[in-house]
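Trainee: Residue-level listing of the chains:
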Amino acid sequence: MTLEDMARELVAAALGAGARDADAVVAESDGLGVGVRLREVEKVKRARQRRAGLRVFVGDSTAIASTADLTAEGLDTLARDACTLARSTAPDPHAGLPEAADLARDWPDLDLHDPALEALDPAQPLEWTREAEAAALDAAPEITNSEGSEFSSSVGQVTYASSLGFAGGYRGSHASLAVVPVATRDGAMQRDAWFTAHRKLAGLESPVSVGAEAARRTLRRLGARRAPTRDCPVVFDPESAATLLRHLAGAVAGPALYRRMSFLLGRLGEQVAASAVTVVDDPLLPAAPGSRPFDGEGVAQRRRTVVERGVLTTYLLDSYSARRLGLRPTGHASRGVGDVPSAGPTNFFVEPGPHAPEAIVASVREGLYVTELIGFGVNLVTGDYSRGAVGLWIENGELAYPVEEITIAGNLNDMLRDIEMVGNDLRLRTSLASPTLKIARMTVAGT
Amino acid sequence: MEVAGVERFFCERFGLTNAGLERVLGSALERHADYADLYFEFRVIQTASLEEGVVKHATRTLDQGVGVRVLAGARSGYAYSDEVSLERLEIAAGTARLIAEERGGTEALTAPATGRPRHDLYRLARPPVDTPLAEQTALLLRLDAVARAVDPAISNVLVGIGIEHRVVLMMTSGGVVVGDVRPLVRLNVTCIAERDGVRQQGTYGGGGRFAFGTLTDGRAERFAREAARQALVNLDAVDAPAGPMTVVLGPGWPGILLHEAIGHGLEGDFNRKRVSAFTDRIGTRVASELCTVVDDGTLPGRRGSLNVDDEGTPTGRTVLIERGILRGYLQDRLNATLMGMPLTGNGRRESFAHLPMPRMTNTFMLAGEEAPEDIIRSVDRGLYAVSFGGGQVDITNGRFVFSASEAYLIEGGKVGAPVKGATLIGNGPDVLTRITRVGSDLQLDEGIGTCGKDGQSVPVGVGLPTVRIDGLTVGGTQA
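Those protein sequences? They're chains V and X, same order as listed.
Just so we're aligned, residue 1 is where the first sequence starts under the working numbering, counting upward by one.
Just so we're aligned, residue 1 is where the second sequence starts under the working numbering, counting upward by one.
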């Protein structure tokens, strides 16, 4: 039985068990992971997973059941379990599938799958990890140790069917290579990391370049000091700027809005960010990390500008949150096989601006250049923001020395409005991506 | 279920035989491997959630699968599948043993055995996963009412119940066969409070490896009232200060400090690889004399407890810091073997789809002698933090953060105005040396902790008495 047939049969079984409507997700993936450390093989890992999930609507009540037991008996149990569960939840007039008019009817081949990753022999990626780690270890005598280099890849398929008659599926693949060197100076250790990731093997950067960049990032952290407590401009490198997009995506996601858990509640059509900022969600970019032909409910996909020159132009909505908010779904239903559908971004990025990253740093007399953020100090209900930061101190427009054990704090409302410069260095390495961003003022806490 | 029962459960479910499994283990050990094991898992997770006054969702998830591991020196070969059959197991064993092929015939190493007995920490007449859904939904509705009754400013209440039933079986090439049936219950309450255009949230919850009835004896109602109270307190919160100051941590969940500041840094893998800020520091002073910190996986019913770890080693109580001196690391089989150290029962994995790693169980500081009120009274100006969100650590340079979700200013020895959530940042090998007072009020957390490491999440516990830390950087906005 194909996965698509399985999804269709699950929907039929649910209707047979008394459901008014139902939809099913069946997914499978095969994975490979290998790692070396200090030039020696450290691990080889192979994975195989197949799972099926079924959502049922019994009257206006809903429930979800999922299983890794894909035998005929297992699937039959699934349909009965889901309907039994639904009889214990409360009716909700907003529950249901999306409207048929919103479903994807046909979809382009988005080039998401690389057959070369299907037949990969572990010996090949082991060689890449060796090369990548060696490039880091050989970069400087101060690189004294390593947490290793890892390659991982997966190939898989997702299929979706619903009682609206929708049935479809697509294949996708993913590969990544990462290096984590450790450097020592005066008895103090620092680590940093670099990686390359792509849906296709040929899209990965060379192992040597990944190792060299990992070493450069690690070495520049040596001799880190603390910074004095003060208000100052903060420049986010592309990796750390992408974390701000994660918070933005969380705050414009439908479930956070109808639950009144977002600082952007009721702000549609308002200026929420500096006019230099345009944020796009584009699920249809060929071979991009977050691309897909339809969302977790079969809804059609299109490019949307979420923030246009600072104005919030759309939320990210699945069908339930759209109905709750009196809006149309935007095709942002995100869904694990057995989870309640939520809403989230696809390829979500800040459009590149006019400034070279060097020019952004040069514009700061005294401030912080952030290269890594740690911790969870973000409150999306209020926008209050306080996280641990690592980076370089900027003096007179130049990166002067590394800093650590400091925090940066503010409120996301102010931070988005205070984005003063947007870099021209956007690269869509991950599904959430940003160029370098400069925020005019935040509070740095250190000594 | 006894071991034999667990073994029969998996053999019947997947049509396997003992002889067949022994053959798989033997095949995994071909070539120059030191060790091999099989890890079978069957898991059911049942959730129910309420928002806006109604029980909107229920989910049921069935996971199952098997992992085959082969160790050769510092190398791990691993293959897993959620299709379980002898044929799949043979294929997996063939993949896992690839790791051993390149290795010469060096002498096999073995970890020193522990002489510990197995425990029986969470045997239950009715597993919580068998709780009728109607009982669960009734509790959800009751908690919604309890939270809303606290204050009219409570505008939304979200309650979630998650119940897990996990059956695992481990078979090792050393002849060990161990089964464990692991119940786990968790309840979370989030309240939104709104007043005069200000909106805030409060979150509270708890759980453990215990019967569903343990939640319904008043504990769940207390969680709901706490979540509502925290949301209301935060409505009045002022901006947090920025910079180094004296910080008093309340008892219980603020023990996340220990988890981040020292716990991860004492995990065997980081120390064997010499990438931890605590590498080579056993026997040296890493905390003030007032501090004794243990990791204890044997506390009955606790979220972080286990009868055996995920390699079949009985869990134990490991002293990490004794009166300020670093005493021990947390180990799994691979790292204990390579370091020539004893197994501590800390080899844990998220599921059959993951390799085991050294992980914490319940990590806490033993009680001191001071009254908590006296500790607060001793501070002229500082921060009193009683509840936290998550934390994170950079193992290599030792810098860690944890983020307060309920905190107050201390002024003139008295608890003053609530402040907005702020991240606290410090240096692991240094922060406990700044502890100048330890309270007599040790509490363990309510049972909500989940620890993430290298992409794997496992349930953990923490605990702390009230402590005073002289000089921790507070990441607020008032510079």
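Among the hints, erroneous ones may be present.
Between beta-carbon pairs, the in silico distance windows are [claimed, not checked]:
1) T436/X / R87/V: 23 to 29 Å
2) R87/V / T450/X: 52 to 58 Å
3) E411/X / P228/V: 22 to 28 Å
4) S209/V / P117/X: 49 to 55 Å
5) A479/X / Q271/V: 45 to 51 Å
Since the hints were derived computationally from the structure, they do not count as laboratory data.
Keep in mind the model is a prediction, meaning the values are calculated, not measured.
For glycine and all other residues, C-beta sits at the position ideal for the given N, C-alpha and C.
Trainee: Which numbered hints are broken by the structure, listed smallest first?
Mentor: As far as the earlier hints go, 1, 2, 5 are violated by this structure, in ascending order.
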